[in-house]
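Participant: Residue numbers (the working numbering), protein chains in the order written: chain A, 1 to 249; chain B, 1 to 249.
Rather than coming from a laboratory, the hints here were simulated on the basis of the structure.
Watch out, some of these pointers could steer you wrong.
Copies of the same chain look alike in the list, so a pair counts if it works inside one copy or between any two.
Within a straight-line C-alpha distance of at most 25 Å, the following computed SDA-like cross-link-like pairs (lysine to any residue) qualify [said to hold, decoys possible]:
1. Lys72 <-> Ala132
2. Lys86 <-> Ile74
3. Lys36 <-> Asp118
4. Lys180 <-> Pro121
5. Lys107 <-> Ser206
6. Lys240 <-> Ile108
7. Lys240 <-> His141
8. Lys36 <-> Thr237
Protein chains: 2
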Amino acid sequence: MASTCSESPFFSSSSSSRHRWNYDVFLSFRGKDTRKNFTDHLYTALIQAGIHTFRDDNELPRGEEISPQLVKAIEGSRISIVVFSKQYASSRWCLDELVKIVECRQKIDQVVLPIFYDTEPSDVRKQTGSYAKAFDEHEEHFKEEMEKVNKWRGALAEAGNLSGWGLNNEANGYEAEFIKRIVSDVACKLGNKTLHVAKHPVGIYSRVQGIISLLKGAKPDVGIVGIHGIAGIGKTTIAKAVLTNFIWI
Amino acid sequence: MASTCSESPFFSSSSSSRHRWNYDVFLSFRGKDTRKNFTDHLYTALIQAGIHTFRDDNELPRGEEISPQLVKAIEGSRISIVVFSKQYASSRWCLDELVKIVECRQKIDQVVLPIFYDTEPSDVRKQTGSYAKAFDEHEEHFKEEMEKVNKWRGALAEAGNLSGWGLNNEANGYEAEFIKRIVSDVACKLGNKTLHVAKHPVGIYSRVQGIISLLKGAKPDVGIVGIHGIAGIGKTTIAKAVLTNFIWI
Numbered sequence: 001m002a003s004t005c006s007e008s009p010f011f012s013s014s015s016s017s018r019h020r021w022n023y024d025v026f027l028s029f030r031g032k033d034t035r036k037n038f039t040d041h042l043y044t045a046l047i048q049a050g051i052h053t054f055r056d057d058n059e060l061p062r063g064e065e066i067s068p069q070l071v072k073a074i075e076g077s078r079i080s081i082v083v084f085s086k087q088y089a090s091s092r093w094c095l096d097e098l099v100k101i102v103e104c105r106q107k108i109d110q111v112v113l114p115i116f117y118d119t120e121p122s123d124v125r126k127q128t129g130s131y132a133k134a135f136d137e138h139e140e141h142f143k144e145e146m147e148k149v150n151k152w153r154g155a156l157a158e159a160g161n162l163s164g165w166g167l168n169n170e171a172n173g174y175e176a177e178f179i180k181r182i183v184s185d186v187a188c189k190l191g192n193k194t195l196h197v198a199k200h201p202v203g204i205y206s207r208v209q210g211i212i213s214l215l216k217g218a219k220p221d222v223g224i225v226g227i228h229g230i231a232g233i234g235k236t237t238i239a240k241a242v243l244t245n246f247i248w249i
Numbered sequence: 001m002a003s004t005c006s007e008s009p010f011f012s013s014s015s016s017s018r019h020r021w022n023y024d025v026f027l028s029f030r031g032k033d034t035r036k037n038f039t040d041h042l043y044t045a046l047i048q049a050g051i052h053t054f055r056d057d058n059e060l061p062r063g064e065e066i067s068p069q070l071v072k073a074i075e076g077s078r079i080s081i082v083v084f085s086k087q088y089a090s091s092r093w094c095l096d097e098l099v100k101i102v103e104c105r106q107k108i109d110q111v112v113l114p115i116f117y118d119t120e121p122s123d124v125r126k127q128t129g130s131y132a133k134a135f136d137e138h139e140e141h142f143k144e145e146m147e148k149v150n151k152w153r154g155a156l157a158e159a160g161n162l163s164g165w166g167l168n169n170e171a172n173g174y175e176a177e178f179i180k181r182i183v184s185d186v187a188c189k190l191g192n193k194t195l196h197v198a199k200h201p202v203g204i205y206s207r208v209q210g211i212i213s214l215l216k217g218a219k220p221d222v223g224i225v226g227i228h229g230i231a232g233i234g235k236t237t238i239a240k241a242v243l244t245n246f247i248w249i
């Protein structure tokens with residue numbers, strides 16, 4: 001995926017105002033494949049970049065259905081990133097999650113970004129390679145529930161067709177650089193709202209509000225407000241806080 | 001390995017002044033196992049922490065001997081970190097590298113820190129498990145050079161006995177946290193000399209030298225120098241630069 005941060009963030013005001021988001025990113029992955037390695041590094045890098053990310057920490061076997069907490073997390077996320085590892089499709093819970101994600105894409109304009117981690121998009125899309133083997137087993141095991149299996153196939157076909165990132169095609173397969181690019185792209189898509197401001201800034205609220213009201217009250221063709229003060233007083237901090245707030249107001 | 005940063009850095013003035021170091025850390029790893037994943041993340045984290053690290057970027061097949069450049073890098077490193085992955089011992093180049101590392105441990109007080117990545121220290125030490133299989137092949141292939149094979153065994157026995165980090169025993173196997181702890185331990189062992197100062201600081205040299213000469217000239221029981229100035233003028237930067245310089249002077 002080419003990084004195109006020069007373009008505007010892709011969340012239109014209509015889609016972002018229609019829906020209340022709890023997370024920037026929901027991570028979908030098969031625990032056994034990538035929980036403690038690739039997805040752990042990706043999650044940590046997203047969090048470090050200030051991107052509010054949900055990952056399911058539950059390592060225990062799951063029940064029949066995906067939990068209401070997980071459904072709520074998916075529905076409350078601006079972006080879903082799906083880590084398509086070799087055995088992703090062998091997990092029925094991953095596939096149920098993916099069906100929900102694709103549904104959110106259609107209904108609430110959630111953005112879905114696939115990562116092809118040691119997989120090819122065509123294997124995901126057409127359920128070939130290791131995905132074919134997984135579906136042979138699903139069709140055997142769920143032969144009374146072919147509607148469910150077809151839904152899984154449909155979700156894979158749709159998600160595998162989306163623009164995303166392929167480990168083998170980027171950064172020569174080096175994971176640290178690959179993750180750096182993903183985080184940068186995601187930050188960009190979120191409208192660069194990830195500038196870091198201190199966790200508990202003190203005393204800047206009134207100044208931030210003051211600048212925002214100046215910007216809002218500005219004439220249509222004027223949108224610049226200068227901030228001056230001695231070095232170290234917090235000009236940059238205020239500017240970053242204004243930007244962070246202003247994009248989503 | 002318990003993090004014990006309260007203790008002094010373990011480089012005594014005698015060992016650090018005897019030898020000229022070019023790197024803080026030399027990374028030894030089997031490329032096929034971890035070059036693009038674990039070791040890439042570790043390398044990136046070390047560099048980000050300001051720890052000057054060497055890794056062999058060469059993905060091409062190697063010649064008979066390890067290259068002079070590699071030997072020079074090992075000899076010039078304060079610490080060698082050895083990533084013992086499942087197939088580390090199947091590479092004769094890794095084993096040659098390890099022999100050199102253990103030699104540097106004995107001769108120039110290089111610190112050697114093993115990482116047991118999906119391996120157990122006892123397998124490394126006694127060449128059991130996947131390491132046994134590798135040595136069956138080496139003994140077949142190098143039956144005319146048993147001295148070399150025995151040197152490899154000796155190096156593994158010594159390195160496998162050292163205090164290091166085991167992925168399965170720390171951070172519940174989560175790699176990002178595991179790497180964070182390693183970097184923190186290494187920074188600590190290097191005497192916390194990894195405080196980040198701007199790459200090209202301007203105009204602080206004379207001030208840093210001034211403070212260092214004050215500290216050196218201080219009475220034996222007094223070692224405090226105050227730095228004052230308005231916010232943002234660079235007090236912290238100077239203090240960090242003093243610390244970075246002072247430890248190794």
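Participant: All the hints need checking, so say for each whether the structure fits it.
Facilitator: These are the hints, each one checked on the structure:
For the homomeric pair Lys72 and Ala132, neither the shortest alpha-carbon distance inside one copy (30 Å) nor that between copies (50 Å) is at most 25 Å. Taking the shortest Cα distances, Lys86 and Ile74 sit within 25 Å of each other inside one copy (22 Å), while across copies they are farther apart (37 Å). Taking the shortest Cα distances, Lys36 and Asp118 sit within 25 Å of each other both inside one copy (16 Å) and across copies (12 Å). Within a single copy, Lys180 and Pro121 get their C-alpha atoms as close as 21 Å, which meets the 25 Å cut-off; across copies the closest is 33 Å, which misses it.
Taking the shortest alpha-carbon separations for Lys107 and Ser206, neither the intra-copy value of 38 Å nor the inter-copy value of 63 Å comes in at or below 25 Å. Within a single copy, Lys240 and Ile108 get their C-alpha atoms no closer than 29 Å, and across copies no closer than 49 Å, so neither meets the 25 Å cut-off. For the identical chains of this complex, Lys240 and His141 are neighbours neither inside a copy (53 Å) nor across copies (63 Å), given an alpha-carbon limit of 25 Å. When the C-alpha separation of Lys36 and Thr237 is checked against a cutoff of 25 Å, the pair qualifies neither within a copy, at 35 Å, nor between copies, at 36 Å.
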